[in-house]
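Enquirer: Taken in order, these protein sequences are the chains called P and S.
Quick note on numbering: full-length UniProt numbering labels position 439 of the first sequence as 439, and the sequence is numbered without any gaps.
Quick note on numbering: full-length UniProt numbering labels position 454 of the second sequence as 454, and the sequence is numbered without any gaps.
Think of the hints as simulated: they come from the structure by calculation, not from any bench.
Model, not experiment: these values are computed from the prediction.
One should not assume that every hint holds.
[Stated by the list, open to error] Derived EDC-like pairs (lysine to aspartate or glutamate); straight-line CA-CA distance at most 16 Å:
1. S:K187 with P:E258
2. P:K203 with S:E481
3. S:K153 with P:E11
4. S:K420 with P:D98
5. P:K202 with S:E481
6. P:K152 with S:E148
7. P:K92 with P:E148
8. P:K420 with S:D98
9. P:K112 with P:D98
10. P:K118 with P:E481
11. P:K3 with S:D266
12. S:K3 with P:E78
13. S:K202 with P:E481
14. P:K3 with S:D262
15. P:K187 with S:E288
16. S:K45 with S:D262
17. P:K153 with S:E122
18. P:K45 with P:D8
19. P:K441 with S:D184
20. S:K45 with S:E11
21. S:K152 with P:E2
22. S:K335 with S:D374
23. S:K3 with P:E258
24. S:K304 with S:E288
25. S:K152 with P:E11
26. S:K441 with P:E102
27. S:K3 with P:D8
28. P:K3 with S:E258
29. P:K441 with S:E122
30. P:K4 with S:D259
31. S:K3 with P:D262
32. S:K317 with S:D266
33. P:K152 with S:E288
34. P:K304 with P:E347
35. S:K153 with P:E265
[Said to hold, decoys possible] Stretch by stretch, here's where chain P covers chain S in the computed footprint (C-beta under 8 Å, at least three residues):
36. 32-42
37. 98-112
38. 329-341
39. 385-396
40. 403-417
In this text, a Cβ means the ideal position worked out from N, Cα and C, and glycines have one as well.
Listed here are the chains, written in short residue letters.
2 protein chains.
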Amino acid sequence: MEKKTVRDILEGYKKFLHHDITVYGWVRAFRSNRFIALNDGSTIKNLQIVVEFSEFDEQLLKNINTGSSLKILGEVVESQGAGQTVEIIAKKIIVLGDNHFEELQKTILQPKRHSLEKLREEAHLRFRTNLFGAIFRVRSAVSFAIHEFFNKKQFFYINTPIITGADAEGAGEMFSVTALNLSDLPKDAQGAVDFTQDFFGKKTNLTVSGQLEAETAAMGLGRVYTFGPTFRAENSNTTRHLAEFWMVEPEVAFNNLEDNIDLAEDFLKYVIGYVLENCKDDLAFLDERFTQEQNQKPEKDRAKEGLIEKLENVLSKRFKRVSYTEAIEILMNSKENKKGKFQFPVENWGTDLQSEHERYLVEKHFECPVVLFDYPKEIKAFYMRLNDDGKTVAAMDVLFPGIGEIIGGSQREDRLSVLKAKMEQMDVDTEELWWYLDTRKFGSVPHAGFGLGLERLVLFVTGMTNIRDVIPFARTPKNAEF
Amino acid sequence: MEKKTVRDILEGYKKFLHHDITVYGWVRAFRSNRFIALNDGSTIKNLQIVVEFSEFDEQLLKNINTGSSLKILGEVVESQGAGQTVEIIAKKIIVLGDNHFEELQKTILQPKRHSLEKLREEAHLRFRTNLFGAIFRVRSAVSFAIHEFFNKKQFFYINTPIITGADAEGAGEMFSVTALNLSDLPKDAQGAVDFTQDFFGKKTNLTVSGQLEAETAAMGLGRVYTFGPTFRAENSNTTRHLAEFWMVEPEVAFNNLEDNIDLAEDFLKYVIGYVLENCKDDLAFLDERFTQEQNQKPEKDRAKEGLIEKLENVLSKRFKRVSYTEAIEILMNSKENKKGKFQFPVENWGTDLQSEHERYLVEKHFECPVVLFDYPKEIKAFYMRLNDDGKTVAAMDVLFPGIGEIIGGSQREDRLSVLKAKMEQMDVDTEELWWYLDTRKFGSVPHAGFGLGLERLVLFVTGMTNIRDVIPFARTPKNAEF
Chain P
1 MEKKTVRDIL EGYKKFLHHD ITVYGWVRAF RSNRFIALND GSTIKNLQIV VEFSEFDEQL
61 LKNINTGSSL KILGEVVESQ GAGQTVEIIA KKIIVLGDNH FEELQKTILQ PKRHSLEKLR
121 EEAHLRFRTN LFGAIFRVRS AVSFAIHEFF NKKQFFYINT PIITGADAEG AGEMFSVTAL
181 NLSDLPKDAQ GAVDFTQDFF GKKTNLTVSG QLEAETAAMG LGRVYTFGPT FRAENSNTTR
241 HLAEFWMVEP EVAFNNLEDN IDLAEDFLKY VIGYVLENCK DDLAFLDERF TQEQNQKPEK
301 DRAKEGLIEK LENVLSKRFK RVSYTEAIEI LMNSKENKKG KFQFPVENWG TDLQSEHERY
361 LVEKHFECPV VLFDYPKEIK AFYMRLNDDG KTVAAMDVLF PGIGEIIGGS QREDRLSVLK
421 AKMEQMDVDT EELWWYLDTR KFGSVPHAGF GLGLERLVLF VTGMTNIRDV IPFARTPKNA
481 EF
Chain S
1 MEKKTVRDIL EGYKKFLHHD ITVYGWVRAF RSNRFIALND GSTIKNLQIV VEFSEFDEQL
61 LKNINTGSSL KILGEVVESQ GAGQTVEIIA KKIIVLGDNH FEELQKTILQ PKRHSLEKLR
121 EEAHLRFRTN LFGAIFRVRS AVSFAIHEFF NKKQFFYINT PIITGADAEG AGEMFSVTAL
181 NLSDLPKDAQ GAVDFTQDFF GKKTNLTVSG QLEAETAAMG LGRVYTFGPT FRAENSNTTR
241 HLAEFWMVEP EVAFNNLEDN IDLAEDFLKY VIGYVLENCK DDLAFLDERF TQEQNQKPEK
301 DRAKEGLIEK LENVLSKRFK RVSYTEAIEI LMNSKENKKG KFQFPVENWG TDLQSEHERY
361 LVEKHFECPV VLFDYPKEIK AFYMRLNDDG KTVAAMDVLF PGIGEIIGGS QREDRLSVLK
421 AKMEQMDVDT EELWWYLDTR KFGSVPHAGF GLGLERLVLF VTGMTNIRDV IPFARTPKNA
481 EF
């Protein structure tokens, strides 16, 4: 028979009432030598174990501390106390393994408030805290909702390569991958590193995006998405950047820009709706934490909405769709711009939008998620479809309150001659990408896709503010511990 | 309104009968200037479009070739001909993009039989073939079933790091990751490469397994699994090895070896059952192909079962559980061994099993999937739990017909002192893995997990024989194209 989790018992307790049951977990607290708060990770809630002091060996009970791992056999009863509906009257208690309690008190497992920095340094232990338990359960739910959404819509999940020979993806600085001995690199006749002797016979990098490969798959399978790690070797030590992060990239044959925006909106609403429905306890905890954090700020800097309220509001409104050109006008005419309150003043059409401008549009002007589209071609990537005006491309960015850009995408340039000309203009190697060009030669079709950074979405859903706190083990400049 | 896929129309055609509908796809064949077989990747089946020659522009029809991309408006009617229940009477046909038909005939898109080697060289186009459409739809279904299985069982999906500072995972040769300029590596005073100047401030590699990090997560969240890419820099140019492949690694607090075997069996059966239920058309195609392949072999080398039959048989029988010690006895006493038919004769307890031995047990002796457990400690990894006999560890391998080992796992050594001693014996750096040892210090618990190579499972389910054919873009020695 399968083990019952704490969640099973709390949610289905009526089935178990007055039955003996076995439960496993870690001690979160042991109050008055009588009440053990037991947690097994299945839920943020603890299960109360009632220990009749006189019925157990004293030495056994002395051995039970915060952090101890226990197996308990006991009877499920309705709780007499406040705070829980059900509890277990312990009949048998087994300590499952070592718990070096003195040493534990020097770690983040000591039950007191620790800084998020400290928790990051002991990332291998922070899964056991309420906060990070909640974050990683929510992250898991977000990931599952993503797969479920696409599966329901007949998308196929594909794995694009992590190690790539392509140098041209153009989304940022790349890490090199090599099996050569770095202390003794082979050289060619010209004295350059001889990558023909490397594992793959050429220089290889870690991917910055699976999009180009996903496009080739969409040309056969129709609707596809990737969901995998991507990498940037950019020395950005900020709360918003990771060197290794997870990206979701759908790519859809026959879709135009409007279809793409519809998909992005449906997608975000589905995932957020899923979390609201399936992570109630964790969200309640995160919501309370969020409010406490806000209350420590000066009133003017506080978020207008609570966390759950914010998520519900995303679901209730249609995202506002605004062309880049309209957005520039709004920004140029804004009080903020006129009074010189933007760090980067908005002076003319063609300028790239900064985070402060995106946030103005979302948080002040429209007060809802905004989709900007039809950007100047000069500030966007080579593969985006040129619009008939000759000036803009069919790009789209979804902007979220507090986060800024959460999704970026476009309809892709499907006309071979236009694409080739664009690649040459922008110095993208057409020979290296021969296979990408092939997709425009053999039954080329309009198609579109976008990229979502998973961690950005998890930040939004959890109300956390540092991206290092929503991935189990962050990879950032000078940090690859664990 | 959302676009209808070919699958929507074929499966739900009764809703659409005598309605006009718009459909998109690529031409698989254009017969008799009258019947277009249209495919959009949503299913292996084509939708028949009936074109009344006289009602369309001749030039338009001349432009329609194999590979052409079309948008068609037409009426859904019950088909008069054999082979399909429904077809579309075209009213309007739009060619969506370029199709360089002459050049296409030099590619694998030319409708004739191509070798699998040739298809690999044009991996960006093979998504459009019946075979690879089927394989990648099945791979997607396998992946979704994996997530669904674990989600139903209250597991949390976690992402363990791809770039790792650890050198000690011990599962194989690693690739280096660096942001240093390989043509001009900084050196320290001793003339060694100065990795303190590298992005992460130390030497980093691509992960070979997320297990150790997953164990830390299981110590907080209880039941977790990873599903991500892993890497081996091993120069193995075989049909079974990839330098980059996807691995699934569940890790479960409170589970012992038997629980672990139960989980592995449930898991494999769930995934195979899901594919049988949800990929009927693709499996029917793969089954037929499999039978044709078998029929080309000498009778003695043919598989005993058809593909679907083989999958159904996995579901119907309980996996045979056999200790290593029993297995060695069976092998030593086998006719094959006595007659010297094994390349590696089985002479004594303690020897590592070779693929030929595993296949003998599965395919000849037991004729069903086999789980071997309790292996000699010397031939298994440092983290596996030492059994009370002092000689064996609580390891398990699931062996499948035609594939050999599909899952390898173990109960983990949860006793700090035993683990430490084992690491020292086996020369594993205890300082580098301080965080791993921590999990045995603070409420250590029995726990267990396993690893499944996704591509091995997809090989089994699709009946393919070369692992390069079940991943979109294979990474193998001297090959990182696309």
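Enquirer: Confirm or reject each hint.
Expert: We went through each hint and held it up to the structure:
no.	hint	verdict
1	S:K187 with P:E258	violated, 53 Å
2	P:K203 with S:E481	holds, 11 Å
3	S:K153 with P:E11	holds, 15 Å
4	S:K420 with P:D98	holds, 14 Å
5	P:K202 with S:E481	holds, 10 Å
6	P:K152 with S:E148	holds, 13 Å
7	P:K92 with P:E148	violated, 42 Å
8	P:K420 with S:D98	holds, 14 Å
9	P:K112 with P:D98	violated, 22 Å
10	P:K118 with P:E481	holds, 14 Å
11	P:K3 with S:D266	holds, 14 Å
12	S:K3 with P:E78	violated, 53 Å
13	S:K202 with P:E481	holds, 10 Å
14	P:K3 with S:D262	holds, 12 Å
15	P:K187 with S:E288	violated, 51 Å
16	S:K45 with S:D262	violated, 37 Å
17	P:K153 with S:E122	violated, 28 Å
18	P:K45 with P:D8	holds, 11 Å
19	P:K441 with S:D184	violated, 41 Å
20	S:K45 with S:E11	holds, 11 Å
21	S:K152 with P:E2	holds, 13 Å
22	S:K335 with S:D374	violated, 25 Å
23	S:K3 with P:E258	holds, 13 Å
24	S:K304 with S:E288	holds, 14 Å
25	S:K152 with P:E11	holds, 15 Å
26	S:K441 with P:E102	holds, 10 Å
27	S:K3 with P:D8	violated, 41 Å
28	P:K3 with S:E258	holds, 13 Å
29	P:K441 with S:E122	holds, 14 Å
30	P:K4 with S:D259	holds, 13 Å
31	S:K3 with P:D262	holds, 12 Å
32	S:K317 with S:D266	holds, 12 Å
33	P:K152 with S:E288	violated, 28 Å
34	P:K304 with P:E347	violated, 30 Å
35	S:K153 with P:E265	violated, 30 Å
36	32-42	holds (count 3)
37	98-112	holds (count 7)
38	329-341	violated (count 0)
39	385-396	violated (count 0)
40	403-417	holds (count 3)
The structure does not agree with the numbered hints 1, 7, 9, 12, 15, 16, 17, 19, 22, 27, 33, 34, 35, 38 and 39 stated previously, though it agrees with the rest.
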